Amino acid sequence: MLAKRAARTADGAPLGIRMRVNPVAKTVLQRLGFGLITLFVVSIIIFSAIAMLPGDFAKATLGQSATPETVAALQHEIGLDRPPIQRYFSWIGKMAQGDFGSSFASRTGYRRTVAEIIAPRLYNTMFLAVMTALVAVPLALGLGILAALYRNSWFDRLVNTVTLTTISFPEFFVAYMLAFLIISRDTFAGTQFAESLPVWLAVSINWTLNVVPKFPTLANINDQTPFWEHVWRAAMPSITLTLVIVAHMMRMTRAAIINMLSSPYIDMARLKGMRPMVIVLRHALPNAWAPIVTVVAFNLAYLIVGVVVVEVVFVYPGVGQLMVDAVKSRDVPVVQACALVFAATYILLNLIADIISIATNPRLLHPR
Amino acid sequence: MKNNSGIAREKGTDLLQVRDLHVEGFSDERWHPIVRGVDLSLKRGEVLGLIGESGAGKSTIGLAAMGYTKPGCRITQGSVLFDGVDLLSMTEARRRRLRGSRIAYVAQSAAAWFNPAHRLLDQTVETAVAHGIASRDKANSDAIDLYRRLQLPEPESIGFRYPHQVSGGQLQRAMTAMAMACRPDLIVFDEPTTALDVTTQVEVLASIRRIVEDFNTAAIYVTHDLAVVAQMADRIMVLRHGQTVEEADTRQMLTAPAQEYTRTLWAVRKLAKPEVQTHDHILSIDNVTAAYAGRVKVLVDVSIKVPRGRTVAVVGESGSGKSTLARVVTGLLPAMSGSISFDAKPLPLSLKERSKDLLRRIQMIYQSPDSALNPRQTVEEIIARPLEFYLGLKGQQRDRRIAELMHMIEMDESFLDRLPGELSGGQKQRICLARALAANPELIICDEVTSALDQIVQEEMLTLLMRLQRELGVSYIFITHDIATVRAIADEVVVMHQGKVVEQGLKTEILTPPHAAYTELLLSSVPEMDPDWLTTLLARRKNQGIASAAG
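These protein sequences, in sequence, are chains W and G. When we follow the numbering used here, the leftmost residue of the first sequence carries the number 944, and every step to the right adds one. When we follow the numbering used here, the leftmost residue of the second sequence carries the number 569, and every step to the right adds one.
Hints listed in this document are in silico derivations from the structure and should not be mistaken for laboratory results. Each hint should be verified, as a subset may be incorrect.
[Said to hold, decoys possible] Now the stretches of chain W that chain G is said to cover, found in silico as 3 or more residues with beta-carbon under 8 Å:
no., region
1, 1199 to 1209
2, 1216 to 1229
3, 1295 to 1309
As the structure is a prediction and not an experimental result, all values here were calculated from the model. Each residue gets a CB set at the ideal place from its N, CA and C atoms; glycine is no exception.
All chains should be built: construct the whole structure from the sequences, respecting the hints.
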């Protein structure tokens, strides 16, 4: 309102600038605000859900033979005897100041903060996620664009079939199949199956298997692992995750572009004599970003919050495993912190997707 | 284009020859013929008008002249010789080199045919740069020159705008500039002014005509409006059901059409109704002002009286507030101030405060029956709904009433179990009418109900509406931008401009001079069948210095 009043008295130019900047900034701030509100609501849900879990830390730690007095003493020590609402506000208050609290595993004189427990695990998870995203996103976009360009050709069908197959299997199955492939590299020659095949076939299969690099099937790393060693060891989980997420992103890219290809302005581009590749890249893709980015954000969020199964298969020390362990030992502060980090990741990535959608929409970016 | 200077323009050699063209389209699991054996030829610098109803195949022929078919269509037979080479048998790569550079296209709705993601200038020069005809800099300065020739405002900077930032008329001219960028030998204009207001249309027609003449470009001008094609074309070809009905020079076609079908094409223009004056008003709108949430006012201090059992036509260009007026009367958009009285009693401004019976008495029919009818409901369900909702009719009573309504709108009862998708445009609009009539309304608001229909279907619809008015005594508010329709049905006319009522009164008073300035502009912009109309009009406006509405 204020801006409008000011603009009316000013000349044309400042009005134009104001109109151009304001709506986008406003929308972004609005989304950011919604994100924070969502995060707050999620924190309540996380807290209540965990409070409702059966069993508690004291009983789980002390075992069944513990007397009620020792249980009560431990509960008092870690603050479990306070009412839930009080516990929630003290937790969320500290969280807002960046204090993640202490793990229940802390003892007097030996404080283990949640932050120091989560930090290295989160780094590992981010490492794996970024490494996978750097391969999977360009791969998915590229394949999607090519599939849209050569739609209904054998290439399109092949890509669709392969990606559909990889997405149809549960991720642990894909993981084990890959591990099996690596193991077969060394053992195939000696198997009964290989002996039952004609020699030439067995030899060529063996040769093919040996072309595959000998990726480690156990991704055991620690904070001393050098960078490239880390990449090498994380290769198997990364390939597995790539296979799982490429299909979704690739299919959305293809569908979004093909959807655009029926627009009149694509007919116009054809009537202007543009080459098919130019039509897809210059005329269809810029209008198709919004749905693609949404799906990419969804899959990147999955890379951080949904990879626990793959971590377990390859014994990769990420946040997912940490959270499962913390749930088992009823280490509530760690569970809550993990859940909140996951929620924040989701909200942040979706926020970025929204902003990109706005930035690629000239109607919003350049209002009349 | 036309011979305006009095000296016959020299027409060149043969440029385009289409022989025995057959095109098919795929729908409902099979191929249907769209174009069935059409021949046409065009000389350099000549303009051929293709005219016909929707479905006549005129746009398809226009595209086929570029060797192009829309997805889902195919050319099955014939040849398209462009400058002596068959477009249909050459490789796709060679066709691509011709398109945009030697044959260009201007589409009906520029808003949809411009890519929303790129600036106008980038799109204008794209072909010239991609085909290596000009450097980017040279193409840019040429585009600005073309913008200037086409009388676009701020030619130096308008190219930096995105399509949604300029008006429809400007966009249509920018598209013409885009087509002209490589100075093609042939441009296909596909209804380039159909989506525009008449006042804007004049400007765009004049711009197109001038630039095509300047560069001696041959053109195929596709339209359904005979008066428009009369201004633009040297020769006219009438099409129906994918076949040529007749072909002749423009003047000959207008003065002596050989075929009966050609004569029926402008039948609606002869439909006229004597007006009746009455002082018994069913609806009176007093000093109403309305706005959409927090925006500028769309209606300012509007007062209109609707006589009982008569028709008030509300005319004006897009953005004049006609449709907002309909929303205010129906209560969908409650007025900010002012009052409305219906049948001598005050009418609550908001829909939510009106009784079911009040809602029943005012009904509405929309421009596009496709979006007004639920595609998953049968005709019977659609008509039965108001019968059950307003009148509580059930069983036999209901069925009898449905049969009556179908009889009223002159449709067979066999249509009752059809879905809207299985009906033609005119039939769908009749179903909308039946649904409105089912409520036994006293006032029906018709918002551009005939604009999407072909001339002949329009005439039938208008005749039906008039008959129903005589028989049922229902009053109409008829919103339209078409003056011919006003002549055909109105008793009183309200002229609106920028949310205000410019003039209102009996039809003859409004339509005969002297007019208010805006009414004059509006009426004089309606194309007439006279091929010299545009030339005369432009000359007259230049002399009088009438401010022209910027496109």
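Earlier hints that do not hold, by number
none
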